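Asker: So you can see what is in the structure, the chains are spelled out below.
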Amino acid sequence: MRRTYVEAIVAAIAAEMRSDDRVFMIGQDIGRFGGPMSGSKGLFEEFGPRRIREAPISESAMVGSAIGAAMYGQRPIVEISFGEFLPLAMSQIVLQAANVHYMTAGEASVPVVIRSRLGDGPYRGHPQSYEAWFPHVPGLKVVMPAMARDAGRLMRAAIRDPNPVLFLENMQCYHAVREEVPDEDDPLPIGTARVVREGGSVTVVATGWLVHRALAAAERLVSDGISVEVIDVRCLAPLDLATIVRSLRKTSHLVIAHEAWKVGGFGAEISAQIAETALDALDAPIARVGAPGIPVPSARPLRERFIPNEDDVIAAIHKVMAY
Amino acid sequence: MRRTYVEAIVAAIAAEMRSDDRVFMIGQDIGRFGGPMSGSKGLFEEFGPRRIREAPISESAMVGSAIGAAMYGQRPIVEISFGEFLPLAMSQIVLQAANVHYMTAGEASVPVVIRSRLGDGPYRGHPQSYEAWFPHVPGLKVVMPAMARDAGRLMRAAIRDPNPVLFLENMQCYHAVREEVPDEDDPLPIGTARVVREGGSVTVVATGWLVHRALAAAERLVSDGISVEVIDVRCLAPLDLATIVRSLRKTSHLVIAHEAWKVGGFGAEISAQIAETALDALDAPIARVGAPGIPVPSARPLRERFIPNEDDVIAAIHKVMAY
Amino acid sequence: MPRLLTMYRWMWLARALERACAESNPRWFPIEGEEAAVVGTFYGLRPEDVIAPHYRGPFVTYLMRGVELDRLVGQVLGKVNGYTRGRAAAFSGPVGFNLIPWVAADLGTSLSVATGAALSIAYRRESGQADDRVVVVSFGDGTANRGDFHEAINLAAVWKLPIVYVCQNNQWAISQPLNSYIAGPLIAERAAGYGIPGTSTDGNDPVALNDVVLAAVTRARTGEGPSLIEARTYRLTGHWAEDVASYRSPDEVAIWQQRDPLALARGRLQETGHSEAELNEIERTAVADVAEAFRRVRELPDVGDAELGLDEVYAV
Amino acid sequence: MPRLLTMYRWMWLARALERACAESNPRWFPIEGEEAAVVGTFYGLRPEDVIAPHYRGPFVTYLMRGVELDRLVGQVLGKVNGYTRGRAAAFSGPVGFNLIPWVAADLGTSLSVATGAALSIAYRRESGQADDRVVVVSFGDGTANRGDFHEAINLAAVWKLPIVYVCQNNQWAISQPLNSYIAGPLIAERAAGYGIPGTSTDGNDPVALNDVVLAAVTRARTGEGPSLIEARTYRLTGHWAEDVASYRSPDEVAIWQQRDPLALARGRLQETGHSEAELNEIERTAVADVAEAFRRVRELPDVGDAELGLDEVYAV
Ligand SMILES: Cc1ncc(C[n+]2csc(CCOP(=O)(O)OP(=O)(O)O)c2C)c(N)n1
Ligand SMILES: Cc1ncc(C[n+]2csc(CCOP(=O)(O)OP(=O)(O)O)c2C)c(N)n1
Ligand SMILES: [Mg+2]
Ligand SMILES: [Mg+2]
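Protein chains in written order, with our numbering: chain L, 1 to 323; chain X, 324 to 646; chain B, 647 to 962; chain U, 963 to 1278.
None of these hints come from the bench; they were simulated from the model.
Watch out, some of these pointers could steer you wrong.
Just some of the chain U residues that point at chain B, by a computed CB distance under 10 Å [what the hints assert, rightly or not]:
| no. | residue |
| --- | --- |
| 1 | R1152 |
| 2 | D1264 |
| 3 | A1268 |
The calculated label-pair distances, taken between Cβ atoms and stated as ranges, are [what the hints assert, rightly or not]:
| no. | chain 1 | residue 1 | chain 2 | residue 2 | range |
| --- | --- | --- | --- | --- | --- |
| 4 | X | A645 | U | E1261 | 56 to 64 Å |
| 5 | U | G1185 | X | E627 | 47 to 55 Å |
| 6 | X | A645 | U | S1208 | 51 to 59 Å |
| 7 | X | E503 | B | E870 | 38 to 46 Å |
| 8 | U | G1090 | L | T192 | 23 to 31 Å |
| 9 | X | P561 | L | R220 | 29 to 37 Å |
| 10 | L | P238 | U | R1246 | 20 to 28 Å |
| 11 | L | P238 | X | R623 | 26 to 34 Å |
| 12 | X | R623 | B | E888 | 43 to 51 Å |
| 13 | B | R649 | L | S38 | 15 to 23 Å |
| 14 | X | D506 | B | R673 | 51 to 59 Å |
| 15 | X | R341 | U | R1246 | 56 to 64 Å |
| 16 | L | T277 | B | V890 | 52 to 60 Å |
Using 20 Å as the maximum straight-line C-alpha spacing, the simulated SDA-like pairs for lysine to any residue come out as follows [claimed, not checked]:
| no. | chain 1 | residue 1 | chain 2 | residue 2 |
| --- | --- | --- | --- | --- |
| 17 | L | K250 | L | V195 |
| 18 | X | K642 | X | R623 |
| 19 | X | K642 | X | T515 |
| 20 | U | K1122 | B | L824 |
| 21 | U | K1122 | B | E888 |
| 22 | X | K642 | L | L279 |
| 23 | B | K806 | U | L1176 |
| 24 | L | K41 | B | P648 |
| 25 | L | K319 | L | R303 |
| 26 | X | K364 | X | E503 |
| 27 | L | K319 | L | S252 |
| 28 | L | K250 | L | P301 |
| 29 | L | K250 | L | A284 |
| 30 | X | K573 | X | P561 |
| 31 | U | K1122 | U | E1088 |
| 32 | X | K364 | U | Y1209 |
| 33 | X | K573 | X | E503 |
| 34 | X | K364 | U | E1186 |
| 35 | B | K806 | U | E1151 |
| 36 | U | K1122 | U | L1176 |
| 37 | X | K642 | L | Q273 |
| 38 | U | K1122 | U | V1206 |
| 39 | X | K364 | U | G1235 |
| 40 | X | K364 | U | S1162 |
Predicted model only: the values in this text are computed from it and were never measured.
Heads up, the beta-carbon is just placed ideally off N, CA and C, and yes, glycines get one too.
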């Protein structure tokens, strides 16, 4: 069945909930309303209020209570409606969820999925992209799919994972990205990147919506004779560096692209790992594409200028190719 | 007068408070107790409860109320006793303080200093190093001194700055680092790095306590004929890249060292900026020194293995020199 | 009854303006049904008092202090004349009029920021300066469950800050009913736990509400500290303009339609001798003023590169 | 009076153990003066109930459920036999005994985590499984002002979770007195705002406190939801072992020395016929058991590379 990105996620949650009663959801407006941007559509009708639990506007307690429930036998999915509210649960995520397994010397673990919506979206609301903070924190897994089927398969893996998984959904991908997604599907092991387009001239490593912009940029460059390989990172932690290095050894040119602010973004970490382990593979400086250093503006014309786009990716490719 | 790192900070605060009544402090245990680790020693005696305001254990409201007071005419210094509690005020820092000036189109500004103590300390309590999250957020300035006099001078600058400044104090430096610090001293413009040791073979760029470990490493390498230049970053935002590049053009070898976790740390951003703008200056891969990917352990022997030390810096230097 | 008449004008301006905003932006958060709660909370303050209205329907509170209608409409339409130049959410307002701007949309954190404005005033008072300003901040019943509600009010109570907290309790948080986030009692009952006065009142009666608020304002002005007030009202529309609110019962909505604060106020004004014609004129003027503002502002250019402000992030 | 006698044993074990911990670690947070509050809160629970004691003095609550003394001492001394292998703060405990571990030291967040344990129980009950476990969580009077206090208790009230919140109100938060973080009322008065029962009680009377806690436990067990209890007590020592607490008046301390819960309990036990000798023996045993444990554990190796666990961060 052809499903959008969000439909694939919802289908994956439903499938996991059917097979494991320990799985339940905590979130705001996830009941009859169907979730922000239809993010839990149909789940309340199928699973009812016991398993689709609507919470007060208490982000810290929502995440904290999911952690406690996970430590004591359940497998909750807690949804922070938008990434803009993740800072409110920051301490729960980085100090409680991340630490439990290690600090208890393996006695306890926290099989919780923390879902949230990142990036710019069709309605422009709550558009923060804070993903870079989390791979810095040992104990968390951080997943950030760009494709519909990957999103569903990674959600299945996240739910089954015995560790806290931050599952970051891109709002532009939500309804715009679709593909064939079977009803029954295997979990995709967390921690693998994917070459989504093969090419020989330059490697573009991207996350979320920028994967799609990189793909569009690649098409536009065909006529210029530039053959672009695009890698969808998919998981920030653990990071699949090997796939990136393999591509770079072929192309010798690297562009890294994400929607988040460029400075301090996750692109920096990818770049640093390359500069540390595969510097000799580079024929040119590493170019990063990311948002400029201003707070995320609200009005559409400003937002459009703020979010990195195809042209930015193309400019970066030209820059590294011209070096 | 010879002052320790913390004494220099306290003296700077006192001097600014004397000359500007709008400056006051909010914090926990900053009164008669003299502040965690003597971080506000003598201020209560001099300035009393109006200006040295002890707050409830309410980190979000502490920072939020400091922001509001700053927007409405005061110049508060709000102290989050330890970096471990910064996540509790995360939203106030990254969404309120950082956004006000831009979002109000310059109508308002937030001259607040948010002080906190990072890193491992003599008592091993609350040892998180979360500095890397903040330079990612436009609108914040992020200061992280390693030397006593710089700490005092940067505190003066932070208090006078019309923007929110995150002032991150290293706990190992607190009582262990001392130098001559005059009673009257100029503010040090925020945004300059400093070459704290000249050398020709390799550049070590470091922050906080690792500046001191890098200096010690440099001494140990003299006998091996390796001449190490050490740069104290001092300010993460704005970052003084020029000073780093200038050094690198001389040494062609780069090591970046910090106490925070290596993955996703601020070292990644420095590395990425080099790989983007000065790749040709490198004769070897960029080596990063940072903490390993485990939560910060508590017992002394584990903590000592966890925090990067001189040996780690030396190993990294040898690695890039041997390339 | 001059106060109710003036309020009636403001309430109608609010209704007309919000309807027009909702029409031009399907994601606007309408205030319909809560106009009395908003106007009753912010009426009768001094221009130098600081206000921090809830994100839902704050425009009328800005207008009550002299903010330009066209410039607010400009924010909604993304035009260059908006105060925030397209940067902040459209419902923010100009700080120059002594308000707390909406620079982020995570509910609750701005309660602490508003508390800080009161701290600034208290600090000046403690320094011996004559400053009897107060802060009035409003927020939703859903927002009352965020940690900042607790931390900010407690801080204000401990420091006896000159601030009045008003919960605009419209009984819903997007699609969730009150009982999904509060167990039974009134929000005002939380006041006792902080050692401050708490009052729950009919938020659809702007005069009664305003009396309660102004009493708390006087308390704050005279150094007696903060208060918590709950204005009970109802969100007659969906959460945003386009939301048909199929998650709740039409019967419930119908009951509250009967208590439409504008209809109630109109009835009372008629009882006290105001003519149909006079009241119709108020209504007509509001609608016409708003329509004209929208017409004028639509002519203006959209925000663009000049507003992006790549080098306007830091104050100098 | 068997309960008080048993409690007396635990209280003495707590005192002796905490004194020894404080002696070997100048940064230990001693419980002296609050033993009745701790023992009275956690006495009489079932082993399968989940406990989340406050960071100050939790060891006795672990011991009451069968945790090994030597392994706790190992945590304090940084020895290989500690449950947490030197990783967590020394005052953490083993989850296998149904408790919430201390994996971080930012106060308040663990209130939400403890609430989650109660959610897990409620979830099983709602699924029709027989599960009448409850959670008892304690925290300080300073911690009661963190946002998580508010969010967690409100969540528990809305979901009617089987949990009892106990505030161990020792009237100080490090060097700050109660009135620097609370304006007047008792902490228990905050309960009404959440629609749950609140009781403030003498925390130096372990039996009275335990009666109040066990009544709330029964309430929680039978599905009637959470309660908030305040145990009024006093921290007789500094915040940590080395802290001489020069920020407070010796007179205040002297008054509370008179109310030392161990002396009070001893008096009551004597009144009810327990001999000096019997009571001295309890005291002597506690001190001796602790001393022997320390002696044994000191022989063990310190934690080292084997405990660092570079590849033990993720569960597999
Ligand atoms: C911290 C936070 N969580 C969730 C949201 C998403 N959200 C936007 S409006 C809203 C409902 C707010 O309810 P209430 O405070 O009662 O205000 P109302 O919309 O009823 O006026 C929610 C949950 C948010 N903006 N901030
Ligand atoms: C969120 C947070 N802020 C500050 C601290 C520093 N701190 C450690 S103990 C303490 C006092 C806690 O007071 P209370 O909750 O009353 O517990 P008590 O120490 O009196 O037992 C403080 C402020 C902390 N650990 N966590
Ligand atoms: Mg509401
Ligand atoms: Mg206390």
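Asker: Each of the hints needs a verdict: does it hold here or not?
Answerer: Each hint, compared with the structure:
no., hint, in the structure
1, R1152, "holds, 3 Å"
2, D1264, "violated, 40 Å"
3, A1268, "violated, 40 Å"
4, X/A645 / U/E1261: 56 to 64 Å, "violated, 44 Å"
5, U/G1185 / X/E627: 47 to 55 Å, "holds, 50 Å"
6, X/A645 / U/S1208: 51 to 59 Å, "holds, 56 Å"
7, X/E503 / B/E870: 38 to 46 Å, "violated, 51 Å"
8, U/G1090 / L/T192: 23 to 31 Å, "violated, 40 Å"
9, X/P561 / L/R220: 29 to 37 Å, "holds, 35 Å"
10, L/P238 / U/R1246: 20 to 28 Å, "violated, 55 Å"
11, L/P238 / X/R623: 26 to 34 Å, "holds, 30 Å"
12, X/R623 / B/E888: 43 to 51 Å, "violated, 60 Å"
13, B/R649 / L/S38: 15 to 23 Å, "violated, 46 Å"
14, X/D506 / B/R673: 51 to 59 Å, "holds, 57 Å"
15, X/R341 / U/R1246: 56 to 64 Å, "holds, 58 Å"
16, L/T277 / B/V890: 52 to 60 Å, "holds, 55 Å"
17, L/K250 / L/V195, "holds, 13 Å"
18, X/K642 / X/R623, "violated, 28 Å"
19, X/K642 / X/T515, "violated, 28 Å"
20, U/K1122 / B/L824, "holds, 15 Å"
21, U/K1122 / B/E888, "violated, 34 Å"
22, X/K642 / L/L279, "holds, 14 Å"
23, B/K806 / U/L1176, "violated, 37 Å"
24, L/K41 / B/P648, "violated, 50 Å"
25, L/K319 / L/R303, "violated, 25 Å"
26, X/K364 / X/E503, "holds, 19 Å"
27, L/K319 / L/S252, "holds, 13 Å"
28, L/K250 / L/P301, "violated, 39 Å"
29, L/K250 / L/A284, "holds, 13 Å"
30, X/K573 / X/P561, "violated, 23 Å"
31, U/K1122 / U/E1088, "holds, 11 Å"
32, X/K364 / U/Y1209, "holds, 13 Å"
33, X/K573 / X/E503, "violated, 30 Å"
34, X/K364 / U/E1186, "violated, 50 Å"
35, B/K806 / U/E1151, "holds, 19 Å"
36, U/K1122 / U/L1176, "holds, 17 Å"
37, X/K642 / L/Q273, "holds, 15 Å"
38, U/K1122 / U/V1206, "violated, 43 Å"
39, X/K364 / U/G1235, "violated, 53 Å"
40, X/K364 / U/S1162, "violated, 37 Å"
Checked against the numbered hints given earlier, the structure breaks hints 2, 3, 4, 7, 8, 10, 12, 13, 18, 19, 21, 23, 24, 25, 28, 30, 33, 34, 38, 39 and 40 and satisfies all the rest.
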